[in-house]
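Protein chains in written order, with my numbering: chain A, 1 to 141; chain B, 142 to 298.
Quick caveat, the hints were computed from the structure, so don't treat them as lab data. Given the structure is predicted, the values throughout are model-derived calculations rather than measurements. Careful, some of the hints might be misleading.
[As the list claims (entries may be wrong)] Computed list of chain A residues with no C-beta within reach of chain B, every gap over 10 Å:
| no. | residue |
| --- | --- |
| 1 | I34 |
| 2 | V35 |
| 3 | K53 |
| 4 | R60 |
| 5 | R77 |
| 6 | L78 |
| 7 | L126 |
[Unchecked claim] Covered stretches of chain B (chain A as the covering partner; in silico rule of three or more C-beta atoms under 8 Å from a C-beta of chain A):
| no. | region |
| --- | --- |
| 8 | 212-222 |
| 9 | 228-242 |
Glycine included, C-beta positions come from ideal geometry on N, C-alpha and C.
Spelled out, the chains give:
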Amino acid sequence: MLPRATPRPERTPRRDVVVLTCHERRFAVASRHIVEVARVESYVPVPSGSPAKLGVVFHREQVLPLVDVAPLLGITRLRPVPVPALCVVARTNLGDVALAVDGVIGFDPSAGAPTADIPVLDLEHLGSGLVKERHGESPAR
Amino acid sequence: MPLKRKLTPMRKRPVSPARRHVVFTLAGAWYAIDAAHVKHFFPGWESHDERAAFLGHEYRVIDLRAAFGLPLSHEPGRLILVVEIGGKSAGLLVDGLVSLALIDPASVVALPTVFDGAERDWFDGVVRLDERVTIVMRAAGVLASAGRWSPLTAVQA
Chain A
1 MLPRATPRPE RTPRRDVVVL TCHERRFAVA SRHIVEVARV ESYVPVPSGS
51 PAKLGVVFHR EQVLPLVDVA PLLGITRLRP VPVPALCVVA RTNLGDVALA
101 VDGVIGFDPS AGAPTADIPV LDLEHLGSGL VKERHGESPA R
Chain B
142 MPLKRKLTPM RKRPVSPARR HVVFTLAGAW YAIDAAHVKH FFPGWESHDE
192 RAAFLGHEYR VIDLRAAFGL PLSHEPGRLI LVVEIGGKSA GLLVDGLVSL
242 ALIDPASVVA LPTVFDGAER DWFDGVVRLD ERVTIVMRAA GVLASAGRWS
292 PLTAVQA
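Next comes chain A alone, as it looks inside the complex (with noise of 0.2 Å):
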């Protein structure tokens, strides 16, 4: 009697959060936000006293605010976001926002194991602390 396979580890990415990069650093955003990633070919900066709020963007007949990651993440920005820009239009607690990211990974490269480093951006409580957990910390995982 041939022994029985052992299954095979799940070598899936998971699919609930796409990972990003903004300035070579990976971040996570939860997949159930993700609108579309567009390439956007201009904005117009809005004056305000953040440096994640960058301006507006008009896109598919939309104005949306155009949010840098990069001080989401604790991340100082060496050189401005360039344009066109590559965004990922995201829901959130405060509207659909257009977020300023230089790469889009895909889903979870990790296939499963969890990498801590990762952050996830807490796009339900934009304006209140924005970094939630470490991807791989989620109480879900």
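Please build the complex by placing chain B on the supplied structure of chain A, with the hints as guidance.
Just chain B now, kept in the frame of chain A:
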């Protein structure tokens, strides 16, 4: 038999809600301010001058670049817009004039909720003018904030 002409009352032309705005530039972006509040404009100078006299009146000069935390500019050709509203007046130092434009308040899109700071007092929202997205300024809000501004908020270019 004389023809009796029935006189029809003249229909009043509907008053357009659009208001004339002065469109100016600041750090590469277009801004609009209600022209009813703009009394004069005259050539500006170095942004560190705090007062300017024009037609016998002295005005406090607010460099909008400094006030909004934008990089300062020492380019020649800047202008001072004399703005008066609610008994307050000031000279707003801007980069240049673009045009006069009619803006219907209904076409102004409010700033997204993310902008929840002083910018809510400064700006009504944004509007498309000649395919350019233009920030519509609230003169009253800007002048009200003027007393709280300090040159320390300025960012050196």
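Evaluated hints:
Here A/I34 stays apart from chain B, with its beta-carbon at least about 17 Å from theirs, past the 10 Å limit. For A/V35, the condition that its CB be more than 10 Å from all CB atoms of chain B holds, with the nearest at approximately 14 Å. For A/K53, the condition that its CB be more than 10 Å from all CB atoms of chain B is violated, with the nearest at approximately 6 Å. Every CB of chain B lies more than 10 Å from the CB of A/R60, the least distance being 13 Å, so the non-interface label holds.
Non-interface call for A/R77 relative to chain B: holds, since the shortest CB-CB distance, roughly 14 Å, exceeds 10 Å. The claim that A/L78 is not at the interface with chain B holds, since no C-beta of that chain comes within 10 Å of its own (minimum 15 Å). Listed as outside the interface, A/L126 is inconsistent with that label: its C-beta sits roughly 7 Å from the nearest C-beta of chain B, within the 10 Å cut-off. Counting residues of the region 212-222 of chain B whose C-beta lies closer than 8 Å to any C-beta of chain A gives 0; at least three are required, and the coverage claim is violated.
Here the region 228-242 of chain B counts 0 residues with a CB under 8 Å from a CB of chain A, which misses the bar of 3, and the coverage is violated.
Hint violations for this structure: numbers 3, 7, 8 and 9, all remaining hints satisfied.
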